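There are 2 protein chains.
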Amino acid sequence: MAGFAAGRDTWGMRTLIRFSLTASAALAIWIALPHGSTHAAASGPSYTNDGEMRRPENYREWVYLTTGFDMSYVPNAQADHHMFDNVFVNPEAWRAFHKTGTWPDKTILVLEVRGAEGKGSINQNGNFQASSVMGLEVHVKDQSRFQGNWAFFGFREGKATAKMIAQTEDCYSCHADHGAVDTTFVQFYPTLMSLAKEKGTLAPSYVKDSVH
Amino acid sequence: MAGFAAGRDTWGMRTLIRFSLTASAALAIWIALPHGSTHAAASGPSYTNDGEMRRPENYREWVYLTTGFDMSYVPNAQADHHMFDNVFVNPEAWRAFHKTGTWPDKTILVLEVRGAEGKGSINQNGNFQASSVMGLEVHVKDQSRFQGNWAFFGFREGKATAKMIAQTEDCYSCHADHGAVDTTFVQFYPTLMSLAKEKGTLAPSYVKDSVH
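The listed protein sequences correspond, in order, to chains A and B. Heads up: the first sequence begins at 17 in this note's numbering, then just goes up one per residue. Heads up: the second sequence begins at 17 in this note's numbering, then just goes up one per residue.
Calculated directly from the structure, the hints in this document are not laboratory data. One or more hints might be untrue.
Intra- or inter-copy, both count: the list cannot distinguish identical chains.
[What the hints assert, rightly or not] Simulated crosslink set (DMTMM-like; lysine to aspartate or glutamate; CA at most 20 Å straight-line): (1) K122 x D158; (2) K135 x D225; (3) K175 x D186; (4) K224 x D193; (5) K115 x D66; (6) K215 x E108; (7) K115 x E73; (8) K122 x E68; (9) K215 x D186; (10) K135 x D193; (11) K115 x E214; (12) K179 x E108; (13) K122 x E108; (14) K175 x E73; (15) K179 x D158; (16) K115 x E128; (17) K179 x D66; (18) K122 x D66; (19) K179 x E68; (20) K115 x D193; (21) K215 x D225; (22) K175 x D193.
Because the structure is a prediction, the values reported are computed rather than measured.
Pulled out of the complex, with its shape left as it was, chain A reads as follows (with noise of 0.2 Å):
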């Protein structure tokens, strides 16, 4: 998914799709949601034999963090649809956060890109979420298989697994130098961005940007 590498902007990943599926319905993706499921599964990283990462099956049962109407980190970019980005986090991650400021090992952020609509039932402006996934894209943190502790996957329409991005691609640098805590946008999540600055846990790069 090297096409990943282009869009410098949330999760440095964001609007690449977000052009991509507006210059072809071919590059869409679009995950099934779980529906039906009742329980929440155990919910640390799995990866099958061959190194690619299972899909996260109850993110939906997770703590939510955060949604993004329509954001991206380049400048001027234009889509001809609106978008929402949710974030969830496994419950185990964000019960270590609260104590700690910053994220343990295992940790898993899901990011469910959205699709928007406008006038709907009694709904007359703004946008409320529609039922349709257009991507679904993972940064997980397993200190003893990634260089660097984090790695991010991004789930095709219907797969149940994908491949790691390689690290050469620009959503690790991005991460690196403008994540608030410990390579991940924190300063977007507003219940968790007065937790790491209590802890003091504030990456110096970010702390650096912020002064500017």
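Knowing the structure of chain A, use the given hints to seat chain B on it.
For chain B alone, kept in the frame of chain A given last:
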């Protein structure tokens, strides 16, 4: 909180809140988030002796349903700022909905109205969620307690309890007339709508609306 009656928008209250905030900071309601809590409390409703509802402390650990952006049920409503609203439900109710396609007794839906920021950190377009919570509203099902089974409560800044919103207010009739399932706006909760269709629990009034 009689003003809630005027806005025929999400939860029957949203536009009015947005306009009130714009018109007068004194009307703003702001609820501190339960940072630092690491254990989910029992998630059923709780009331004081004089009938006020206690604010759900751990709703950010509940199950996330959806986020709207600048939604309003009033045509051509314009606000001078953007807002997100995040909806959460207690886990027991969410699990029951997956089995039955409707809400059990003691369901609590929490609407968190949150400010939106635009450019900030490395974000160049669109909006991300601000640390400021502009309002917290609850829709609770308690069959032995409320006529019509459900009631609304709006929590003001810094208040741990709230009076019930009178059943003569518009939010009740709007939800009864337009809610897809059991007076709730499941049509805006993308992971639940398909379940309601599958289980045949859509309200006749909603189905009739949808035909037109």
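Structure-based check of each hint:
With identical chains, the CA atoms of K122 and D158 are at most 20 Å apart within one copy only, with a shortest distance of 5 Å there and 39 Å across copies. With identical chains, the CA atoms of K135 and D225 are at most 20 Å apart between copies only, with a shortest distance of 14 Å across copies and 39 Å within one. In this homomeric assembly, K175 and D186 never come within 20 Å of each other (Cα to Cα): the closest approach is 24 Å inside a single copy and 45 Å across copies. Taking the closest pair of Cα atoms, K224 and D193 come within 20 Å of each other only inside a single copy of the chain (10 Å); across copies the shortest separation is 53 Å, beyond that limit.
In this assembly of identical chains, the alpha carbons of K115 and D66 never lie at most 20 Å apart, being 35 Å within a copy and 36 Å across copies at closest. For the homomeric pair K215 and E108, the shortest alpha-carbon distance inside one copy (18 Å) is at most 20 Å, but the shortest distance between copies (33 Å) is not. Proximity of K115 and E73 under a CA criterion of 20 Å is satisfied inter-copy only: 18 Å between copies versus 26 Å inside one chain copy. Taking the shortest Cα distances, K122 and E68 sit within 20 Å of each other inside one copy (16 Å), while across copies they are farther apart (42 Å).
In the homo-oligomer, the alpha carbons of K215 and D186 never lie at most 20 Å apart, since the shortest distance is 29 Å inside one protomer and 45 Å across protomers. In this assembly of identical chains, the alpha carbons of K135 and D193 lie at most 20 Å apart only when taken from different copies (18 Å versus 39 Å within one copy). When the C-alpha separation of K115 and E214 is checked against a cutoff of 20 Å, the pair qualifies only within one copy, where the shortest distance is 11 Å, while the shortest distance between copies is 42 Å. Proximity of K179 to E108 under the C-alpha cut-off of 20 Å is found in neither arrangement, the shortest distances being 24 Å within a copy and 35 Å between copies.
Within a single copy, K122 and E108 get their C-alpha atoms as close as 9 Å, which meets the 20 Å cut-off; across copies the closest is 27 Å, which misses it. Taking the shortest alpha-carbon separations for K175 and E73, only the intra-copy value of 12 Å comes in at or below 20 Å, while the best inter-copy value is 37 Å. Taking the closest pair of Cα atoms, K179 and D158 come within 20 Å of each other only inside a single copy of the chain (15 Å); across copies the shortest separation is 47 Å, beyond that limit. For a Cα distance limit of 20 Å, the shortest separation of K115 from E128 qualifies neither inside one copy, at 26 Å, nor across copies, at 24 Å.
Only within a single protomer do K179 and D66 lie at most 20 Å apart by alpha-carbon distance; the minimum there is 9 Å, versus 58 Å between protomers. In this assembly of identical chains, the alpha carbons of K122 and D66 lie at most 20 Å apart only when taken from the same copy (19 Å versus 46 Å across copies). When the C-alpha separation of K179 and E68 is checked against a cutoff of 20 Å, the pair qualifies only within one copy, where the shortest distance is 5 Å, while the shortest distance between copies is 52 Å. In this assembly of identical chains, the alpha carbons of K115 and D193 never lie at most 20 Å apart, being 25 Å within a copy and 45 Å across copies at closest.
Taking the shortest alpha-carbon separations for K215 and D225, only the intra-copy value of 19 Å comes in at or below 20 Å, while the best inter-copy value is 51 Å. With identical chains, the CA atoms of K175 and D193 are never at most 20 Å apart, being 31 Å at best within one copy and 40 Å at best between copies.
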